[in-house]
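Asks: Residue numbers for the sequence shown follow full-length UniProt numbering, so the first one is 1 and each next one is one higher.
Please note: incorrect hints may appear among the correct ones.
[Unchecked claim] Derived EDC-like pairs (lysine to aspartate or glutamate); straight-line CA-CA distance at most 16 Å:
#1 K117 with D129
#2 K117 with D133
#3 K92 with D68
#4 K92 with D69
#5 K117 with E81
#6 K117 with E102
#7 K117 with E71
#8 K92 with E102
#9 K92 with E71
Calculated from the structure, these hints are not laboratory results.
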Amino acid sequence: MAENGLASRLYNGEAGLNIVGRRKLWFGVAGVLVLIAILSFSIRGFSLGIEFAGGNSFQVPASVGTLDDAEREVNSALAAENTGVTVATTQKVGGPGGDSYELRTPQLTAEQATAVKAQIAEDLGISADQISDNQVSEAWGSQVTERAVLGLVIFIALVMVYLILRFEWRMAVAAVASLITNLILTAGIYSLVGFEVTPSTIIGFLTILGFALYDVVVVFDKVQENTRGITANNNQTYGEASNLAINQSLMRSLNTSVVALLPVGGLLFIGAGLLGAGTLKDLGLVLFVGMAVAFLTSILVATPLLALLKNYDPRIQAHNKRVLTRRGAVARGEVTGKGAAASPVAQADATDEPVDQDAAALAGAAPKVGARPAGKRPTGARGGRPGGGGNRPGGAKRR
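With the hints as extra help, turn the sequences into a complete structure.
Replies: Structure follows, in structure tokens:
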């Protein structure tokens, strides 16, 4: 029984999961989630770090106590100077002089920052020279954003060129659509949950693009292998061959995603959660969320979208029509052969997209693509002609 379990069938590519045939469901779910993400961008926005929103940071030695102690004292100093703000984020950082606590606040004036620094030193009983303060302008974050957008545009352009040369333009469109969906959904999670956006987050966003592209290329390579010369036979529709490719590569994609998520999870939960390294948290969080979303979009969006685009190709339309026509004839007993009933994927191919009826009719009447031309059968014993053999007319051998 264990040999026929789901895990075994996934490893052998025999699970028979109908991914492509249910593309309307996946597209609908993805569309709703993208809409929610866009609404969240418009209504809630993002929780921007001081690098993007502007602000001040104070670093105090870790010897003053715990991180909570430092945050409490800094908030007390901010209240004493009537700044009207509180600590926004805290993190433990390392340096040549030892560990320290970095506490970030919204924008303060130069006079307020100096007064708060002096008050913190007095409350903690340390010298003001042991506290470092920095002010970050939001202009710096704007420059980072502009560079990130430029890098994203260049990356997508290079990906389009590579996929067109390696596969075809439909695969390039499907892959880029999957990448953009991945970015929107990941950014939507950040907006809805309120995760802080920092430069490390931007770096993580650009990093997950490469992982998402790798996942898509793995599946598309299998699709190309399964669909090479597909119009030369009447056994499978393009959607069925694509769905088979997903089933055959699903376990590989899942294993790759799990192996990639394990170290990222360690970076996030151990490095940030236990050690308190805030920079690791920002980077690990976006990688963890983005890689998980990338696995889903590469399976549920990229390949079904590719099958949809290919079904608008008249040549593929005609091929799908021939496959379904042959199966219908087999089901009625008019001809013999495999494929007595159309699979759910084939039914989806036949009903979800318009079919060029004229091309399908001509294709059904014409010889199969790639079939050998009809001709005379060879004569003789090996040619299958009954009766006598020999090279002479008449076929009888003289005694």
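Asks: It remains to establish, for every hint, whether it holds in the given structure.
Replies: Going down the list of hints, with the structure as the test:
1. K117 with D129: Given that 16 Å is the threshold and the Cα spacing comes to 10 Å, the pair holds.
2. K117 with D133: holds (7 Å)
3. K92 with D68: Holds - the C-alpha atoms of D68 and K92 are around 11 Å apart, at most 16 Å.
4. K92 with D69: Measuring from Cα to Cα gives roughly 13 Å; hence the hint holds.
5. K117 with E81: Cα-Cα ~10 Å, so holds.
6. K117 with E102: holds (13 Å)
7. K117 with E71: holds (13 Å)
8. K92 with E102: Distance of about 6 Å is within 16 Å: holds.
9. K92 with E71: Between K92 and E71 the Cα gap is close to 11 Å, so the pair holds against 16 Å.
Hint compliance for this structure: every hint is met.
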